[in-house]
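Residue numbers (the working numbering), protein chains in the order written: chain A, 1430 to 1592; chain B, 53 to 492.
A couple of the hints might just be wrong.
[To be verified] Over 12 Å on every C-beta distance to chain B, these chain A residues come out as not near it, computed from the model:
| # | residue |
| --- | --- |
| 1 | Pro1432 |
| 2 | Pro1435 |
| 3 | Pro1436 |
| 4 | Ser1439 |
| 5 | Glu1440 |
| 6 | Asp1469 |
| 7 | Leu1474 |
| 8 | Asp1509 |
| 9 | Leu1534 |
| 10 | Gly1536 |
| 11 | Val1573 |
[Claimed, not checked] Now the in silico label distances, taken between C-beta atoms and shown as ranges:
| # | chain 1 | residue 1 | chain 2 | residue 2 | range |
| --- | --- | --- | --- | --- | --- |
| 12 | B | Gly74 | A | Arg1470 | 25 to 35 Å |
| 13 | A | Tyr1544 | B | Lys393 | 37 to 47 Å |
| 14 | B | Ser120 | A | Asn1576 | 43 to 53 Å |
| 15 | B | Glu184 | A | Arg1521 | 15 to 25 Å |
| 16 | A | Thr1584 | B | Glu184 | 39 to 49 Å |
| 17 | B | Val260 | A | Glu1504 | 34 to 44 Å |
| 18 | A | Glu1525 | B | Gly256 | 47 to 57 Å |
| 19 | B | Leu404 | A | Arg1521 | 53 to 63 Å |
| 20 | A | Tyr1544 | B | Phe62 | 17 to 27 Å |
| 21 | B | Gly191 | A | Glu1525 | 15 to 25 Å |
| 22 | A | Glu1455 | B | Phe62 | 42 to 52 Å |
| 23 | B | Arg403 | A | Lys1541 | 45 to 55 Å |
| 24 | A | Arg1470 | B | Pro266 | 33 to 43 Å |
[Claimed, not checked] Subject to a maximum C-alpha distance of 27 Å in a straight line, what follows is the list of computed DSSO-like cross-link-like pairs (lysine-lysine):
| # | chain 1 | residue 1 | chain 2 | residue 2 |
| --- | --- | --- | --- | --- |
| 25 | B | Lys393 | B | Lys331 |
| 26 | A | Lys1485 | B | Lys187 |
| 27 | B | Lys106 | B | Lys93 |
| 28 | B | Lys180 | A | Lys1491 |
| 29 | B | Lys157 | A | Lys1485 |
| 30 | A | Lys1569 | B | Lys93 |
| 31 | B | Lys106 | A | Lys1569 |
| 32 | A | Lys1550 | B | Lys473 |
| 33 | B | Lys57 | B | Lys157 |
| 34 | A | Lys1569 | A | Lys1485 |
| 35 | B | Lys187 | A | Lys1491 |
| 36 | B | Lys393 | B | Lys406 |
| 37 | A | Lys1491 | B | Lys106 |
| 38 | B | Lys180 | A | Lys1485 |
| 39 | B | Lys106 | A | Lys1485 |
| 40 | A | Lys1550 | B | Lys187 |
These are calculated hints, taken from the structure and not from any lab test.
The C-beta atom is built at its ideal place from N, Cα and C for all residues, glycine as well.
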Amino acid sequence: MPPPLPPEVSEVLENSLVAILTVVNERGVPVSHPMLPLFDRETQLLYFTSSILFSKKLRHIKRNPRVSVLFSHREYVRSDNYHAVMLKGDARVIDEDLSSAWTRLLGLWRRKEPYIESYLKQRYAFPLFWERAIIEVRPKTVYVWPNGDLGSEPTIIRMEEGY
Amino acid sequence: MLDPKLLERFEQFALSFIDEDGYPASIPVTVALIDGQIRLKVPRGFDPERLQGKIANLVANHITPLPSGGYTDRRYIVFRGRVIHAEGGELQLETFREYSWDEHKTPFPEYVEITTNSARAYLESLGKRLGETFKPRLGLFWSFFRTVRLPFLLATLGPVLVGGGAAYYRGYFHPVLLLLTFAGLALIHMALNLANDYYDTLLGADVVNRRPTPFSGGSRALIYGLVSTTEARILFSSLFAAGVGVGAYLALLRGPLEIAILIVSGIFLAYFYTAPPFKLAYRGLGEFAVFAGFGPLIVLGTYFVQAGSLDSAALMASIPAGLLIMLILYVNEIPDALFDKEAGKRTLVTRLSKRGVMVLLAAFLLLVYLFIALIPVLSLGPPTVLIALTTIPLSLRVFKEVDRNFGNQYAMIPSMSLNVKNSVVTCILLAAGYFVGALL
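Start from the sequences and build out the full structure, keeping to the hints where you can.
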């Protein structure tokens, strides 16, 4: 297991409401999706849940697991400390149990969106929306622009090599 | 030429491209629009030369978090193009594709409907891969709740109570038979709802409807894959059969001929409301079918089971009851009208202008109260039925709300809810008027 990300980077990942997930389509072209990121500090893995209503990205990842994730919007990071972070990594889609496997991430989800419970109670209203695959991203290379200063050189962390 | 206003609605931008290591990269960029062209300033660590000639996406995203939870103003826009050199050593994105979503233009529930086929295809391919059949899992109760539209049974309860009340006023009351009557009619009503969904899906009316609401556009059980067409057919046939079974039992107890006539008429209206060859709802006859089915047939049927005979008082009571339940359908047709027209489902609402629809709504509401007022005047019921007139202010609110939100599917949800409440409450008050009148 690689060493954990620096705490200040983990803080950004844990407290971001939106991240841009970029996948590669069948023609080798990047496709980007704004999504809610869920970072598990214990496993150092980044998760997204994707409804099968918006399943193109799942097909793309299955074909090509290389992805990147960008956290660069100060307003969407609910933390006093902010750094712009972009990570490249390998993703996998977990979709054998679309109905309930993603609920294991509810703890992380609730921390960011506590009102999610009220939406869950209305699951019958949008049954397909709540059939969700998990996208698990294992960070490989992480670029950090301290304090979001894009004019400075980013710190590059290669997870396999340590830092 | 790019419209500058498009970019002004976003604060931050990201550029995504395939990096030298074969991984996609997303970097925050500063964007300026010069002579209609997108100029890019990339952060340190990414040499502009590295991006030159690459196909890239410029992504802008916006959400406004709400203090109460959730978000509003959700929108994103993506420009896809090739990164080229511009004057002054800057980079430019030569765009060739653009796509976006703005919830003010396509509300999220509509977005969900548009992508339903994609979800169904995903479930199908997953099923093939894993050798199982996948469908959205809601649990038995919620699947049933949604598939047969359980809350709509209030539309059966109201007229049953009116029929029961009219009989009670005449001195007949068999509570067990009243419960059995309701049970039988509820089974037929659930069958009607599902048969309606089944044929509206086959005939396309529910398929083309991109803006269903909890009150309109069908249950979506077939469209979402909660039940297959075969399961739906088996379920609605079984419900019809069970309803007929209860009816047959009541017929044996109270009078085979009259109840048989009422059941056959009711099943005919319920099934052919949507089913070919009659497709009553598609020919502008659905409203009449609902009036006749939920008014005279249910009220007279309930009265007959209680009294063992028919009565002009019951017939009189059935008219406002039928109109009230028909009004639920009538108002619920308004948000569907656009899509019903597209599918060739020519409901009454699709045949009228907005003014025509509203005039008819006012006329129906007026008729409801006129018939209620006539009941004691014609000595066909106690004066206590006039308690149902207390909903007149609610009816006025229904009229104003429907008029205000006319045609806007999602904005009409509270108006439809209010209309259902008005119809059911008026029906129940009418029934209560008979019960109370008998006791005084």
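Structure-based check of each hint:
1. Pro1432: 21 Å, holds
2. Pro1435: For A/Pro1435, whose nearest Cβ neighbour in chain B is about 17 Å away, the distance exceeds 12 Å, so it holds.
3. Pro1436: 22 Å, holds
4. Ser1439: 19 Å, holds
5. Glu1440: Holds, because the least Cβ-Cβ distance between A/Glu1440 and chain B comes to about 18 Å, which exceeds 12 Å.
6. Asp1469: 21 Å, holds
7. Leu1474: For A/Leu1474, whose nearest Cβ neighbour in chain B is about 17 Å away, the distance exceeds 12 Å, so it holds.
8. Asp1509: 17 Å, holds
9. Leu1534: 17 Å, holds
10. Gly1536: Holds: least Cβ distance 17 Å, greater than 12 Å.
11. Val1573: 10 Å, violated
12. B/Gly74 <-> A/Arg1470: 25 to 35 Å: 28 Å, holds
13. A/Tyr1544 <-> B/Lys393: 37 to 47 Å: Holds - the Cβ-Cβ distance for A/Tyr1544 and B/Lys393, about 38 Å, lies within 37 to 47 Å.
14. B/Ser120 <-> A/Asn1576: 43 to 53 Å: 31 Å, violated
15. B/Glu184 <-> A/Arg1521: 15 to 25 Å: 20 Å, holds
16. A/Thr1584 <-> B/Glu184: 39 to 49 Å: 47 Å, holds
17. B/Val260 <-> A/Glu1504: 34 to 44 Å: Taking Cβ atoms as reference, B/Val260 and A/Glu1504 lie about 39 Å apart, which means the hint holds.
18. A/Glu1525 <-> B/Gly256: 47 to 57 Å: Taking Cβ atoms as reference, A/Glu1525 and B/Gly256 lie about 34 Å apart, which means the hint is violated.
19. B/Leu404 <-> A/Arg1521: 53 to 63 Å: 55 Å, holds
20. A/Tyr1544 <-> B/Phe62: 17 to 27 Å: At roughly 25 Å between Cβ atoms, B/Phe62 and A/Tyr1544 fall inside 17 to 27 Å, so the hint holds.
21. B/Gly191 <-> A/Glu1525: 15 to 25 Å: Given a distance of about 19 Å, which is inside 15 to 25 Å, the answer is holds.
22. A/Glu1455 <-> B/Phe62: 42 to 52 Å: 28 Å, violated
23. B/Arg403 <-> A/Lys1541: 45 to 55 Å: 50 Å, holds
24. A/Arg1470 <-> B/Pro266: 33 to 43 Å: Taking Cβ atoms as reference, A/Arg1470 and B/Pro266 lie about 40 Å apart, which means the hint holds.
25. B/Lys393 <-> B/Lys331: Holds, because 15 Å separates the two Cα atoms, which is no more than 27 Å.
26. A/Lys1485 <-> B/Lys187: With Cα atoms ~19 Å apart, A/Lys1485 and B/Lys187 stay inside 27 Å; holds.
27. B/Lys106 <-> B/Lys93: Given pair B/Lys106, B/Lys93 holds - Cα atoms ~15 Å apart, limit 27 Å.
28. B/Lys180 <-> A/Lys1491: Since the Cα atoms of B/Lys180 and A/Lys1491 sit roughly 15 Å apart, the hinted pair holds (cutoff 27 Å).
29. B/Lys157 <-> A/Lys1485: 22 Å, holds
30. A/Lys1569 <-> B/Lys93: 26 Å, holds
31. B/Lys106 <-> A/Lys1569: 23 Å, holds
32. A/Lys1550 <-> B/Lys473: 23 Å, holds
33. B/Lys57 <-> B/Lys157: Within the cut-off at roughly 16 Å; holds.
34. A/Lys1569 <-> A/Lys1485: Holds, at about 23 Å.
35. B/Lys187 <-> A/Lys1491: The hint holds at about 21 Å.
36. B/Lys393 <-> B/Lys406: Judged against 27 Å, a Cα distance of about 14 Å means the pair holds.
37. A/Lys1491 <-> B/Lys106: With Cα atoms ~24 Å apart, A/Lys1491 and B/Lys106 stay inside 27 Å; holds.
38. B/Lys180 <-> A/Lys1485: The given pair, whose Cα atoms are some 17 Å apart, holds under the 27 Å limit.
39. B/Lys106 <-> A/Lys1485: Roughly 23 Å separates the two Cα atoms, so the pair holds.
40. A/Lys1550 <-> B/Lys187: Distance ~19 Å between A/Lys1550 and B/Lys187 Cα, so the pair holds.
Checked against the numbered hints given earlier, this structure breaks hints 11, 14, 18, 22; the rest are met.
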